Amino acid sequence: MTRILSFLSLGALFGFLLTRAEATEYNRIAGMFLFKDMHLAGVMGVAIAVAAIGLRLLKSGTVKPLGNKKLDVQKKPYHKYQFVAGITFGVGWALTGACPGTALAQVGQLKVQGIVVTLGILTGVFAYLKQQKPPQTAEGAAQLGDHSPVAEAPAL
Amino acid sequence: MEQIFETPWPFWLSGAGIGLFVILLAWLSGKPLGVSGGFAQACDAKQRGKDPWKLIFAFGIPLGAFLGALAAGGPNWTYELGFFESEISQSLAVKTGMLFIGGLCIGYGARWAGGCTSGHAIVGVAQGAKSSLIVTAGFMAGGVLVTQALYWLGA
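Line order of the protein sequences matches chains A and B. First residue of the first sequence? That's 1 in my numbering, and the numbers climb one at a time after it. First residue of the second sequence? That's 1001 in my numbering, and the numbers climb one at a time after it.
Please keep in mind that the hints were generated in silico from the structure rather than gathered at the bench. Computed from a predicted model, the values in this text were never measured in an experiment. One or more of the hints may lead you astray.
What the hints assert, rightly or not - Covered stretches of chain B, as calculated for chain A (at least 3 residues, CB under 8 Å):
| hint | stretch |
| --- | --- |
| 1 | 1017-1028 |
| 2 | 1057-1068 |
| 3 | 1103-1113 |
| 4 | 1128-1140 |
Where is the CB? At the ideal position from N, CA and C, for every residue including glycine.
Let's have the full structure, built from the sequences with the hints guiding it.
See the structure below:
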């Protein structure tokens, strides 16, 4: 319960920060990509610089996470389609003026666009997982001798 | 209070806030900031596993945005899309279709890339990860090309 409340509160703080940064304003994102308004580029630049210092202290062990928790912050793996994957995301970012975090924050601001984009993201994530899954699942199921349809039932 | 809840924060304060948040989250829980993983956990029981913290975190985001807006005297329902409406189209169908298809690209692209603006562009780039630098270049390239094309064709 404490864990649920902690992550819920941390999520809430992040959502609040996104709205204060005006990352949930369509014009700020469109303005950045049109090179007319560099506010958000500045926000991201400062955020990266500040995070870089803190993460370095944590990763080097100079500062230990609270209660000696295991630090689970690593570089994400590289794959050769990553640039194309990034462009796919960027196309969506341009069309919506939102990303996963800001779309959720927009829902809280009662912006209808946030709801539409959130539904789109869920569908896109679901499509990706569905397309990734069948070979793995079929194989896994065959190995386990499990032929029940439950293994492939959508979780939503 | 007005300064906190009503007036938007300048870029340096917003950026410092988000950067410090990344550090706070990692220090308190050991976890890296990320949002698209929460969407994956919403769609897939296997990814939720025994610790659905990403999903819980994702549920907190609209909550905080709502409470912040409440403190500022809002929020009010709106479906307004700024420049897009003044320069391209005011059609409800066009807007809704574009937002949904854009959402699809975001969801599919984020999982394919292994993260989104928070996990890759902020936390990944802050660690100097090659994967994140490449993905973020892709985010920006896609964003700039499509927005420029949209407004060039639409205007």
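We went through each hint and held it up to the structure:
no., hint, verdict
1, 1017-1028, "holds (count 12)"
2, 1057-1068, "holds (count 12)"
3, 1103-1113, "holds (count 11)"
4, 1128-1140, "holds (count 12)"
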